[in-house]
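Fit chain S to the known structure of chain A by using the hints.
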Amino acid sequence: MGAHACISSPSVQEERSVETPFLYHCKVEQSSLVFETPKMAKSKNHAPKKISTWFEIFAVLLGSVFGCVFTVAFAWQLQVSDFTRRRMSLSSSHGMHHEVVTTEADKLAEEVRILCWILTQPKSHYKKAIHVKNTWGKRCDKLIFMSTKNDEKLGAVGLNTSEGYYNLWGKTKAAFRYVYDHYLNEYDWFLKADDDTYMILENMRYMLSSYDPKYPIYFGSKFRRFYKKGFLGGGSGYVLSREATRKLVEEAIPNKNKCKAGVRGLEDVELAACLLKVGVLIGDSRDSLGRGRFFPLGPDIHIMGQTPGWYKKYAFYKPHLGFHGCSETAIAFHRVTPELMYWYDFLLYYVRAYGVKYEQPFPPHLPPDRKCIPQEVLEKFGRTKNSSIS
Amino acid sequence: MVDCFVCRKILRPTASIRVALLVLIASVLSAVFTFVFVVPYSPVSRRMTEPQSHEDLENNADIPDNPLSLHDPHEVHHEGEAEEANRLAQKVRVLCWVMTQPASHDKKAVHVKATWGRRCNKLIFISSKNNESLGAIDVGVEEGRNMLWGKTKAAYKYAYDHHLQEYDWFLKADDDTYVIVENLRYMLSSYDPNYPIYFGSRFKPFTKQGYMSGGGGYVLSREATKKFVEEALTDEKKCKSSPHGAEDAEIGKCLEKVGVMAGDSRDSLGRGRFFPFTPGTHLMGGIPGWYKTYAYYSPYVGLDCCSDTAISFHYVNTARMYELEYMLYHVRPFGIQHKDPFPAPLPPDTASIPRPILEQAGRLEPDEKDKRPGVE
Chain A
8 MGAHACISSP
18 SVQEERSVET
28 PFLYHCKVEQ
38 SSLVFETPKM
48 AKSKNHAPKK
58 ISTWFEIFAV
68 LLGSVFGCVF
78 TVAFAWQLQV
88 SDFTRRRMSL
98 SSSHGMHHEV
108 VTTEADKLAE
118 EVRILCWILT
128 QPKSHYKKAI
138 HVKNTWGKRC
148 DKLIFMSTKN
158 DEKLGAVGLN
168 TSEGYYNLWG
178 KTKAAFRYVY
188 DHYLNEYDWF
198 LKADDDTYMI
208 LENMRYMLSS
218 YDPKYPIYFG
228 SKFRRFYKKG
238 FLGGGSGYVL
248 SREATRKLVE
258 EAIPNKNKCK
268 AGVRGLEDVE
278 LAACLLKVGV
288 LIGDSRDSLG
298 RGRFFPLGPD
308 IHIMGQTPGW
318 YKKYAFYKPH
328 LGFHGCSETA
338 IAFHRVTPEL
348 MYWYDFLLYY
358 VRAYGVKYEQ
368 PFPPHLPPDR
378 KCIPQEVLEK
388 FGRTKNSSIS
Chain S
900 MVDCFVCRKI
910 LRPTASIRVA
920 LLVLIASVLS
930 AVFTFVFVVP
940 YSPVSRRMTE
950 PQSHEDLENN
960 ADIPDNPLSL
970 HDPHEVHHEG
980 EAEEANRLAQ
990 KVRVLCWVMT
1000 QPASHDKKAV
1010 HVKATWGRRC
1020 NKLIFISSKN
1030 NESLGAIDVG
1040 VEEGRNMLWG
1050 KTKAAYKYAY
1060 DHHLQEYDWF
1070 LKADDDTYVI
1080 VENLRYMLSS
1090 YDPNYPIYFG
1100 SRFKPFTKQG
1110 YMSGGGGYVL
1120 SREATKKFVE
1130 EALTDEKKCK
1140 SSPHGAEDAE
1150 IGKCLEKVGV
1160 MAGDSRDSLG
1170 RGRFFPFTPG
1180 THLMGGIPGW
1190 YKTYAYYSPY
1200 VGLDCCSDTA
1210 ISFHYVNTAR
1220 MYELEYMLYH
1230 VRPFGIQHKD
1240 PFPAPLPPDT
1250 ASIPRPILEQ
1260 AGRLEPDEKD
1270 KRPGVE
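For the protein sequence lines, the chains are A and S, in the order given.
Quick note on numbering: my numbering labels position 294 of the first sequence as 301, and the sequence is numbered without any gaps.
Quick note on numbering: my numbering labels position 91 of the second sequence as 990, and the sequence is numbered without any gaps.
Chain A stretches covered by chain S per the calculated footprint, using a threshold of three residues with CB under 8 Å from any CB of chain S:
1. 112–121
2. 328–335
3. 347–354
In silico DSSO-like links for lysine-lysine, alpha-carbon gap of 27 Å or less:
4. Lys319(A) <-> Lys1006(S)
5. Lys364(A) <-> Lys1021(S)
6. Lys1238(S) <-> Lys364(A)
7. Lys364(A) <-> Lys990(S)
8. Lys1238(S) <-> Lys114(A)
FYI, nobody ran anything at the bench for these hints, they're computed from the structure.
Where a beta carbon is used, it is the ideal one built from N, C-alpha and C, also for glycine.
Isolated chain A, as found in the complex (with noise of 0.2 Å):
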């Protein structure tokens, strides 16, 4: 009876409780409502609060992860694109440099043409590509990108492959395709690098200028495994003569009983394989009193001997340790991070200690292993096989 009072009654409206939607605070006095809707309405509450009190922890900690996670991503994505930021700053030129004599480092440039093609994919194109091409990368007489993605401002072309470390044997095969198909007679030497290798241009054409671009062979760091004349590691870089980069992509890779078919695979042991089956010469990059010159790793872990076990066990040549183990004429290293690129380009080109000159014997003695070089440089440089290192 006193509920259709209630409900009739105009201001029942506004005076319903939310807590409460079905029962409604009635000002008729007589009803009994007005007394049991405040009750009832506690006592529903009491009944969750004890659920919702396990509720709050869990959203409190919800929150907090929330905002933990959020805090961190929006902080590295600023640093990494302030970073980039000034990175970028970093590329344009030193100012005057007018006691930098490079003639002789610019006649050999002449003549040593290389092409350097860099391992990348698009989501390193402005974190560890671009560094590349600040630094070292713009010394090579022609540097592309092999991405899955063009970006003409960079110089990276877009491949028709698929990205992933298992993939890479697919991806390589189609760069050396790519080089053939555009350049192969505007180069003499063909460099394979990843986007966290460093290379020193300058000591990479002093090492092939005593080899013959019309010769089938390539250099890198040498390791005894998987075959007997060794494979050279990818994270270092190779350098492939414009023969050796003729054959793989006009013998090699069309045959698949000479080279691996298919996209899957690790590049620089397929790579291998398919060089020594189409006659390929695994040269010698040590210089001439037996130090390496291409390292898989940073140059501060190697000169400090500290290098792990697995270099130690399968480095084709016996390494000596730190220092002695590291050339003068040093070309490449692995593992280095864009920071380290500008810093190792500071110290090599821009930092010299006054007074000091650097001279190498040009042309440069050639390495111990003689069965690693081809008969007609050891003729060239009037060196046999029963000759001693000068």
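For chain S alone, kept in the frame of chain A given last:
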């Protein structure tokens, strides 16, 4: 109570609104906490992680037990390479004293000696324990970060007592500083050691003419060393007599009081040569804000920060020390020669160059006589 919908919601929230509010407040609080203390981009946490202490530089496992042996200087690659550098070493004689402590003798001092230290005309390690083979001297000051001022005074007193007339310049460095000694001589060759002057990474505060940051190292002329020991150390009003204090600021104040000029250590293009931070920081930015306010000459960022004839880098751990040694003196790009002009061209701040030098270089205009020292 104000009868407003929102207020009612907040003050007496329903369960779901309460939960939503909790999530929101928790995320905001944790975001702030994370940003301030955890995230490296934050200015607060950056200051905490920037190696201000020397102890957290090294991972002890990486330090070799013995100094590394380097390439033989008589190898074909190195024979005769340092003729000009050696000539200059005869003319500009530098005594280097390196701040160290007994615990670091075998961990740091030996590596300094194996790399750049041996290029000084004389190398002494200032410590609290003698070691003849290393060249460490016990100057009778106990160890501790707050005793560095006492140690610095003792070190210069020692150099004054034993070696004043044998050397022209007296350099102070830490055992995690790397110094390109040839470039130090190159810069100093323009100056006369009989003139009271000193060089380093110049900071503005505490003094009128500035002082040199201890981290990047500083070098005093023979006359400056003489004045420091004879006139400043003996006078309590000129030099703080207690062993506590920031050694670089204190020596800066003392030297100013006895008329030693604070030189401009930049090259002729205004690029710095002494670096108080990790090498990469100067080159690539990330220098703390306070440095920009402290620096006497406004610092460039990027390649223009740093001279081709750079002299010192700080916070260099053992691995980076050998790496610097390798990159500067061993591996080099083939076919690139440097022909730095000699004598070294003078820096831009003429107010920080002694008159006789300016006159000799023909850089003194008649109306520059009254120029006040100032910021370039």
